[in-house]
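Undergrad: Our numbering puts the sequence shown at residues 510 to 868.
One should not assume that every hint holds.
Below, simulated DSS-like cross-link-like pairs (lysine-lysine); rule was C-alpha separation at most 27 Å, straight line [claimed, not checked]: (1) 777 x 800; (2) 804 x 835; (3) 777 x 793; (4) 793 x 808; (5) 835 x 853.
What the hints contain is simulated information worked out from the structure, not anything from laboratory work.
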Amino acid sequence: MPSRRVLIKSAIALLTLLTASPIAVQAANPAPVVATFSILGDMVERIGGEHVAVTTLVGPDGDAHVYQPTTADARAMAEAQVLIENGLEFEGWLDRLVNASNFDGIRVVATNGIKPIPFEEREGHHDDEGHHDDEGHHDDEGHHDDEGHHDDEGHHDDEGHHDDEGHHDDEGHHDDEGHGHNHGTFDPHAWHSLRAAVTYVNNITTSLAQNDPSNASVFYLNREAYVAEIEALDEEIQRMVDTLPSDHRIVITSHDALQYFGQAYGLKFLAPQGLSTESEASAKQVAGLIKQIRKGGIKAVFVENIADSRLIEQIANETGANIGGKLYSDALSGTDGPASTYLKMLRHNSTTIVSALGD
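Build the full structure now, drawing on both the sequences and the hints.
TA: Quick look at the structure:
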């Protein structure tokens with residue numbers, strides 16, 4: 510017959526096993542989350558850690574402007590508990606995919622709460638030569654006072670709800686979803702502001718905590734660490750850009766995706782294409798850029814990872830400007846590239862711009 514000591518040890522071992530098993534089950538069954546594109550996917554992974562299994566629809570170097578969802582995407586959506594989207598009409602194909610997949614989880618618009626740049630401010634800015642002395646001071650972009658504060662953890666309680674997302678009546682027809690893309694009222698590329706990124710992170714954290722309250726404390730701790738890195742990088746980039754002379758702050762890129770970055774750090778971004786890579790540059794826009802490059806002595810232009818580089822290369826050839834490097838605009842690089850995470854992307858873009866435009 511077992512001794513009393515053996516029985517006690519056995520009971521303790523059994524209790525330990527029973528106590529530990531919920532944790533083991535939780536770690537083995539992370540919450541399925543869908544992020545619409547790679548930048549959001551990286552943010553979700555940073556906050557959720559081992560407690561989320563992230564499916565990213567538009568992967569590294571992918572162009573969300575022209576993306577066409579697949580049947581695999583619909584399956585992932587059907588299984589997802591949380592959907593993270595950018596909003597501001599960036600993912601023009603998403604509502605149809607949501608409807609076709611019968612997604613019924615928490616749908617979160619990551620840009621809720623930011624101050625977006627109106628689309629009208631983009632109109633005609635390709636030929637208004639050189640007026641950038643008031644572009645993008647820290648006090649008029651993203652506003653630290655409403656974007657950077659992250660101690661009000663519950664203030665996004667309406668962002669995960671999906672009961673008002675009822676505009677999905679044209680089910681499942683994905684073959685034309687990328688065409689005729691129109692961003693609408695606002696510039697959607699708000700992730701290029703690190704201050705706006707804090708709002709993204711807050712919204713994502715709140716949704717993950719809402720979906721999985723048992724791990725909410727982990728998500729909020731991860732958020733605090735992530736926000737600290739974001740704020741440190743914001744200061745680092747400002748110091749880098751501050752080294753540029755005032756007449757070396759015009760940046761020519763393929764499509765008009767980096768205005769939030771420009772407003773944050775005092776740079777003027779010009780592009781032959783509009784907000785979407787689907788838009789085509791007019792001869793007038795290209796001629797205006799060439800004239801401005803020559804007049805302003807702009808020494809470098811930049812290609813993008815998601816855009817065809819031929820037009821920028823043509824502009825460089827006609828003006829004598831150098832190709833200053835590749836910027837990552839709407840997607841991260843692959844894991845072996847220089848922009849494999851959101852923070853690496855912002856740091857890479859900053860160092861590339863400053864290195865090419867500096868003396």
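Undergrad: Hint by hint, say whether it matches the structure.
TA: Here is how each hint holds up against the structure:
1. 777 x 800: Between residue 777 and residue 800 the Cα gap is close to 16 Å, so the pair holds against 27 Å.
2. 804 x 835: holds (24 Å)
3. 777 x 793: Holds. Residue 777 to residue 793 sits at ~19 Å (cutoff 27 Å).
4. 793 x 808: holds (21 Å)
5. 835 x 853: With a Cα-Cα distance of about 14 Å, the restraint between residue 835 and residue 853 holds, given a limit of 27 Å.
Consistency with the previously given hints is maintained throughout, with no hint failing.
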